[in-house]
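Based on these hints, arrange chain B on the given structure of chain A.
Chains as they are written, first to last, in the numbering used here: chain A, 12 to 206; chain B, 12 to 206.
Accuracy of the hints is not assured; some may be wrong.
The list treats identical chains as interchangeable, and a pair is accepted whether it falls inside one copy or across any two copies.
Pairs of lysine to any residue residues, derived as SDA-like cross-links and limited to a Cα-Cα distance of at most 25 Å, are as follows [to be verified]:
{"#": "1", "residue 1": "50", "residue 2": "151"}
{"#": "2", "residue 1": "149", "residue 2": "57"}
{"#": "3", "residue 1": "149", "residue 2": "62"}
{"#": "4", "residue 1": "126", "residue 2": "139"}
{"#": "5", "residue 1": "50", "residue 2": "146"}
{"#": "6", "residue 1": "13", "residue 2": "146"}
It is worth saying that the hints were derived from the structure and are not from the lab.
2 protein chains.
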Amino acid sequence: MKLYDLDVSGNCYKVRLFASLAHIELETVSINIAAGEHKQPPLSDLNPLCQLPVLQDGPDTFRDSQAILVYLAGAYGGLAWWPRHAQGQGEIVQWLSFAANEVQHSLCTARLIQKFGVVSDKAAALAKSAAVLSILDKHLERHDWLAIGRPSIADCAVYPYVVLAPEGDVDLRPYGRVARWIERVKALPRYLTQP
Amino acid sequence: MKLYDLDVSGNCYKVRLFASLAHIELETVSINIAAGEHKQPPLSDLNPLCQLPVLQDGPDTFRDSQAILVYLAGAYGGLAWWPRHAQGQGEIVQWLSFAANEVQHSLCTARLIQKFGVVSDKAAALAKSAAVLSILDKHLERHDWLAIGRPSIADCAVYPYVVLAPEGDVDLRPYGRVARWIERVKALPRYLTQP
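Only chain A is shown next, with the shape it has when bound in the complex (with noise of 0.2 Å):
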């Protein structure tokens, strides 16, 4: 099972710290995309977004690092990572969601423009940040995980780039729930740093 890779990449960081933390064997395959090999094929067939991180299983192909969890949670990661239950399912998905839309387009902004330099509005990333890890905050105040009681996709989602924040220029300390979260994460069996 392959799994074009980017290593600084926050979303391709979720399929790894995933990897890990449920045993599943991927080999990695970098992607150099200062050389642009992401937007030509075989990439951009793999992925017509043209973004990484990308899964090959067999003859499966798999864009989109969300998907690529529930895959691979559903198909190798066993049911702790990803119940059958419907209230289950939906809970995690509000988090893959969340991951997708509001943390990318806040803590992973913040990063892209602080660490490499993308040309976009550094105060309304700083600020959309904030409104996140509050609601992160918020949240861990009545829980320890951000879904179904237990470690989840949903914290493989949202983990990296709240653990990353810091190169966005993001100051992680008034949220001490967010804080301890990440402790929590980090403790877990077969924790996966960021290269």
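Same frame as chain A, but now just chain B:
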């Protein structure tokens, strides 16, 4: 089962459309966003993101249109719309993320600017809309439906802001395959229009 609803919202339309197609009965409760009802209790307690739709089913509450589709399909809609196998779920979640992120920040934004006077970069929204529609059109070259070879919650998540795109000053005419997919959705039994 209560859907806290906003009639002009494409995100709420995703849920109303799917519920109709899948014979699921919903009691809709209209929320007055002009009066800020979505930012006050009880709505802000049900959804700290202060967005609509919100679904309440007995003790369970779900925010986010994608999560609500997964919950409704899993709990009431049957396997036709959201299969149990990992391949099918992975395939569908690719399009749920596409709806939550790419469609939201292109077609939906263009409509918010054009129809509701929201201040944002219209040229950027139109450029992103064209990119999103091109990806869809290319995908529909070899597929009648977005995922799993039949209508699914993937179509319900992406369809609303596509069919409403002309309200955002987006011209759908260059995208012939998208137009034919729209016709296929409209021909589904118990299809529901946006009011």
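We went through each hint and held it up to the structure:
Taking the shortest Cα distances, residue 50 and residue 151 sit within 25 Å of each other only across copies (20 Å), while inside one copy they are farther apart (39 Å). Taking CA atoms no more than 25 Å apart as the test, residue 149 paired with residue 57 passes between copies only; the shortest distance there is 13 Å, against 39 Å inside one copy. For a Cα distance limit of 25 Å, the shortest separation of residue 149 from residue 62 across copies, 16 Å, qualifies, whereas the shortest one inside one copy, 31 Å, does not. Taking the shortest Cα distances, residue 126 and residue 139 sit within 25 Å of each other both inside one copy (18 Å) and across copies (24 Å).
Taking the closest pair of Cα atoms, residue 50 and residue 146 come within 25 Å of each other only across two copies (14 Å); inside a single copy the shortest separation is 35 Å, beyond that limit. Taking the shortest Cα distances, residue 13 and residue 146 sit within 25 Å of each other only across copies (24 Å), while inside one copy they are farther apart (35 Å).
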